[in-house]
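**Q** Build the complex: two chains, separate frames, hints provided.
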Amino acid sequence: MQPRMILALALCGIGVAGCATRPSDSEAERAVAEMIKASFKTRGQATIDRLSQDDAQALCSKHAGELPKGMSDGIEKVQQAALRYPSSGKLMGDWRQGERIAQSGVGKQFTDDPNRPAGGSCYNCHQLSKQELSFGTIGPSLYQFGKLRGSSEAIQKYAYGKIYNAEAFAACSNMPRFGHNGVLTEEQITHLVALLLDPESPVNK
Amino acid sequence: MRIQRVLAGVLAVTLPCFSPAQQDTQKEIERYRQMLQESNPAELFEARGEELWKTRRGPKNASLERCDLGLGPGVVKGAYVRLPRHFADTDRVQDAESRLVTCMVALQGFTPEEARRHPFSGTGAPMITADPFSGVGQRSVMTDLVAWIASESRGMTIAPPMSHPKERFAYQAGERLFYYRAGPYDFGCVTCHGEEGKRIRLQNLPKMTNAKDAQRAFGTWPAYRVSEGELRSMQWRMWECIRQMRFPELEFASDASIALITYLAKKAEGGTFDAPAIKR
Numbered sequence: 001m002q003p004r005m006i007l008a009l010a011l012c013g014i015g016v017a018g019c020a021t022r023p024s025d026s027e028a029e030r031a032v033a034e035m036i037k038a039s040f041k042t043r044g045q046a047t048i049d050r051l052s053q054d055d056a057q058a059l060c061s062k063h064a065g066e067l068p069k070g071m072s073d074g075i076e077k078v079q080q081a082a083l084r085y086p087s088s089g090k091l092m093g094d095w096r097q098g099e100r101i102a103q104s105g106v107g108k109q110f111t112d113d114p115n116r117p118a119g120g121s122c123y124n125c126h127q128l129s130k131q132e133l134s135f136g137t138i139g140p141s142l143y144q145f146g147k148l149r150g151s152s153e154a155i156q157k158y159a160y161g162k163i164y165n166a167e168a169f170a171a172c173s174n175m176p177r178f179g180h181n182g183v184l185t186e187e188q189i190t191h192l193v194a195l196l197l198d199p200e201s202p203v204n205k
Numbered sequence: 001m002r003i004q005r006v007l008a009g010v011l012a013v014t015l016p017c018f019s020p021a022q023q024d025t026q027k028e029i030e031r032y033r034q035m036l037q038e039s040n041p042a043e044l045f046e047a048r049g050e051e052l053w054k055t056r057r058g059p060k061n062a063s064l065e066r067c068d069l070g071l072g073p074g075v076v077k078g079a080y081v082r083l084p085r086h087f088a089d090t091d092r093v094q095d096a097e098s099r100l101v102t103c104m105v106a107l108q109g110f111t112p113e114e115a116r117r118h119p120f121s122g123t124g125a126p127m128i129t130a131d132p133f134s135g136v137g138q139r140s141v142m143t144d145l146v147a148w149i150a151s152e153s154r155g156m157t158i159a160p161p162m163s164h165p166k167e168r169f170a171y172q173a174g175e176r177l178f179y180y181r182a183g184p185y186d187f188g189c190v191t192c193h194g195e196e197g198k199r200i201r202l203q204n205l206p207k208m209t210n211a212k213d214a215q216r217a218f219g220t221w222p223a224y225r226v227s228e229g230e231l232r233s234m235q236w237r238m239w240e241c242i243r244q245m246r247f248p249e250l251e252f253a254s255d256a257s258i259a260l261i262t263y264l265a266k267k268a269e270g271g272t273f274d275a276p277a278i279k280r
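Sequence lines, in order, name chains W and P.
My numbering puts the first sequence at residues 1 to 205.
My numbering puts the second sequence at residues 1 to 280.
For reference, chain P alone in the conformation it holds in the complex (with noise of 0.2 Å):
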């Protein structure tokens, strides 16, 4: 992709050389980073995923407008800053992208592996793949109802609630898996996550332990990647980490994701949230 090898090549530049000229490289990819915020395709994800919220679908042709993700049915405005969080009705900790499965089926009537894995499509309707995440030139509809959703927290605080044991399990929870070292790699993502001021190759790591590099993790994601010409989501963005971890495959939307999601929040709370975002 073209912006891709533009910030490689502002990268490759300078790189290698240290102060100031590192600081000067730093400022060029921050001001590369405003440039691209300012046209950035996760607005046409979101159009689509408020027109999708509103759209009635499934067996109980219903739309998702009265789906409760924390603050009440139908309340989406500083939902996603507040997640996840404990909902009395499943009695577990649900993310933004959990709890849309439990709307999916409570309001609109898909069972649980339709919406957990999108295999519904219709004439007008998005195409819908089999992955939980969308990919080049098809479409997820739980990736645009995410991207809307958090679009409805931007400029907020995330305020991930801690009060119901169970919230505080899954961030002890997330913790310990944070930590948890296995496979062929000997990976956890403490490996990456763990030390400030890292990279793999030219991509700077946060280190999640760290309040300001995991605020500004937490606050960017979902994001438009250019690479890809996509809009990810945190969910994804869980996968795609223990992916290259070389583990097993992450389930969406499973409990360890969530409390690894959990952990991430509570270490980013404070920060002000700025998604989705654009990354390279």
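One chain only, chain W, in its complex shape (with noise of 0.2 Å):
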């Protein structure tokens, strides 16, 4: 996790944007700030905190749908950067886990069992297996991804990665970050690459 700022200041996008670029805006700022900051209230695990915004949320959502090139790419970098992958230098898991993993929306909410694993929600937004009709599409189709790509490494390192932090290869991706922000373990998305890569995965059939 990026260390975090306090909502004031991640409002006015500071790091690479600065506040200069819409000064009026800088009380309006301030007062959004605090409202909503009266207006949530922590409940289970979702603490209060969570509306506290690191640099790539704040930039995000200051630049809505019109971010600057040079600051994308200023994201991508420091996403990068901060990327991990498993010491094991295993990448691909078991599928079916992978399956069960990508089928389940628990995790995270007020009303979730803190205990209980979280899911990937991958069906929530990508259509993945030909079986599963109840699919999303705020995100690409992913069937056939192996297939069309193979399993090497470089893959094996790209998907791994992708669903590990999104933002590090589109800033601002609608996609969670999934193991950067501490949603799913090391060993989940290795399950989920196993779904994506695996020749026997139903992805690829």
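Please note: incorrect hints may appear among the correct ones.
What the hints assert, rightly or not - Below, in silico cross-link-like pairs of lysine to aspartate or glutamate (DMTMM-like), each with a Cα-Cα straight-line distance of 20 Å or less:
no., chain 1, residue 1, chain 2, residue 2
1, P, K166, P, D68
2, P, K212, P, E196
3, P, K166, W, E27
4, P, K27, P, D213
5, W, K41, P, E240
6, P, K77, P, E269
7, W, K108, W, D49
8, W, K157, W, E66
9, P, K77, P, E65
10, W, K108, P, E251
11, W, K41, P, E251
12, P, K166, W, E132
13, W, K157, W, D94
14, W, K41, P, E249
15, W, K205, W, D94
16, W, K37, P, E175
17, P, K207, W, E66
18, W, K37, P, E240
19, W, K77, W, D94
20, W, K41, P, D255
21, W, K108, P, E249
22, P, K207, P, E251
23, W, K157, W, E132
24, W, K41, P, E114
25, P, K207, P, E195
26, W, K37, P, D255
27, W, K37, P, E249
28, P, K54, P, E114
29, W, K37, P, E251
30, P, K198, W, E132
31, W, K90, W, E200
32, W, K41, W, D112
33, W, K41, P, D213
34, P, K54, P, E152
35, W, K108, P, E240
36, P, K27, P, E38
Stated by the list, open to error - Some chain P residues close to chain W (C-beta under 10 Å, calculated; not the full set):
no., residue
37, Y179
38, Y185
39, F247
40, L250
These aren't lab readings, by the way, just hints derived from the structure by calculation.
Using N, Cα and C, we set each Cβ at its ideal position, and we do this for glycine too.
**A** What follows is the structure, given as structure tokens:
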């Protein structure tokens, strides 16, 4: 997890952008920050500090839909540097477990049991196997992901890295940074890599 | 729930194919929604809400019939589609629910905490939960009242006022919140509601910056949700989205909740209000 900043500073987009871009907004930004702080409360595992933004979240909020090119490269560079791969070097797990993780949308909500592992919510946004017809479309279809790309070391590393931290590859991606933000464990991510790349996985049938 | 399964079945059979099959699916869903609308259990909530409005309650043993929802004391017809708005007596921008809290305090003598949580009950009174929203088998005074108030704007044009500086500020705050990404999933409202024609699983997602989508979304809450067997308000819709975004809990009738609703109401301006609706 990146060092968190206090909300008011985060809203100013400190770091890359600075406050200079929209100076007239700073008062409104402070007022909004105050409003947010006063309107949310900790419930269960969803503590109030979740509203504090890291640099990437602050920049993506501030420049939603119009992120300048240099800034997007900057975010990707910082997130790339924060990528961590399993110390074992093993990136491919078990696609069967991966399928279960992909189906599960639980985790990190204040109504979820914090002792239960989170799912990947993959089907919420992606098509994966042909059998599952209930899939979302916020992300691209991943059907035949491995069949089209193979399962070389480089592809494994890419798939692992993308799930671990999508913003290392696409700044302000809609996809959560599952590893970076501690939603999924290293092992869970290797199972998802297998779901994508294993020739036996339904994704590649 | 049976209806949900039927709907899921209709979707599952035809969705993977694209037009013209997908258009047929959409038509079928529209037809199905029409069928549901014809016998909407929301009417029960509306009837209870109307009665509650007229019932003397609270330490002051008064009804809500003098409550000012923005068009003058006691005027309910057309009030919902002109909310949220600025109220001089509280100097706040308020939506229907937060205004009801004000009226329950001022007219009926409840404390703000009581009005927000409805922990009051009595013989013959609806069972009240600690939650501002009703649960299965439980009733919420707030939910019933909002159902009725909303129903009194059915068929009218969504027209939130924007003349007061605090109304404009609420809109701007709502807009910033809409784009505010945070939490362990990096989500903001915009993650799911920023692009056209997207889905979560099989659920269609409105793009809230698109007038047509926003009009349909804003114009169909409150709604009876078949899957829950409950009537849900716009405050609940905000609360539930925020929960799914992995944020901390959005406080009922808070300024941020009203700011978001103000933003959506303005995006939906000009649309026809058609709630309480019925949804999956």
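**Q** Which earlier hints turn out false for this structure, listed by number in ascending order?
**A** 8, 12, 19, 22, 23 and 33
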